[in-house]
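Since the structure of chain H is already known, use the hints to place chain L on it.
As you go down the protein sequences, you meet chains H and L in turn. Using the working numbering, the first residue of the first sequence is number 1, and each one after it goes up by one. Using the working numbering, the first residue of the second sequence is number 1001, and each one after it goes up by one.
Errors might be hidden in some of the hints.
[To be verified] Output of the computed footprint for chain H on chain L, the stretches with three or more beta carbons under 8 Å from beta carbons of chain H:
1. 1015-1026
2. 1039-1051
3. 1127-1136
4. 1144-1153
Derived from the structure by calculation, the hints contain no laboratory data. As the structure is a computational prediction, the values presented were derived from the model and not from experiment. In this text, a Cβ means the ideal position worked out from N, Cα and C, and glycines have one as well.
Protein chains: 2
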Amino acid sequence: MNEQKPGRENEIFPPSGFCQVGIVVKSIDETIKYYEKVFGFGPFEIREVDYPNATYYGEPAGYRGKRAFFYLGPIQVELIELKDGKTIHEGFLKEKGEGIHHIAFQVKNLEEGKRKAKKAGLKVIQGFARPDGGGFAYLDSDKIGGVVFELIQRSPEKG
Amino acid sequence: MNEQKPGRENEIFPPSGFCQVGIVVKSIDETIKYYEKVFGFGPFEIREVDYPNATYYGEPAGYRGKRAFFYLGPIQVELIELKDGKTIHEGFLKEKGEGIHHIAFQVKNLEEGKRKAKKAGLKVIQGFARPDGGGFAYLDSDKIGGVVFELIQRSPEKG
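If we strip away everything but chain H, and leave its shape as in the complex, we get (with noise of 0.2 Å):
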């Protein structure tokens, strides 16, 4: 670990940027029709994804899968439904099986949340990065308390 403790100009994220709940599912078809039956939850928003440009602990590998959103109060909940490629998201279903895999962050500068995190010691597990600067990584902060953060930077266009 890093000896530097960053002050509020040198941190990663803004703690009151917490934006996302990632869950890994089996199946998000099941998983919606489960939450919103008993739970009430949604309006859900399906997308498929695909990243072809994606990197897995610092090596090309691009993966696609499906994804739905709703919100719980002010929080987006993503569920993660794997399709193909290797992912971190595999890893935990194959290792943890299915539940809350990540918290992430909206940052500005994804470029920069990068940079600082690696200034503080912390690998990109996962990433993507658009060519608007919009993009996302994955740090490996989950060796103490077991919680992976995400560093979100959201495209213009997509809000």
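For chain L alone, kept in the frame of chain H given last:
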């Protein structure tokens, strides 16, 4: 699963009542040290908890533990460290290791929430209630999607 589709008035908890993410950790001290230093999280409120009249899958099973609370934006994060007694947290740590254990919803009336959950075919896998009505109930909502949901009724004096 129960065939009844709950309407707003029958819902177990309001989805907008999402108030807490719970994380099971091996050591609260180590996790706080890491979270403070690397991510600037905090301040942390540390509590020793004792639930002598708790239940575990419906059977009496008191337990004690250490907790730390901090906020990410509007959401409370609970760090959970085991002390003694049989708990779902212990099972989670053994089976999956450290990580995000539950999502909690604040309810006005815990008993009513438990009654509605039971009606929807859910079981309380761990619970505790104070004489003032405050308390909590963890549900076996993890059978599809892997996420344990918790109902929390705050005690008047605890806020």
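Verification of the supplied hints:
no.	hint	verdict
1	1015-1026	holds (count 8)
2	1039-1051	holds (count 3)
3	1127-1136	violated (count 0)
4	1144-1153	holds (count 5)
Consistency with the previously given hints fails for number 3 only.
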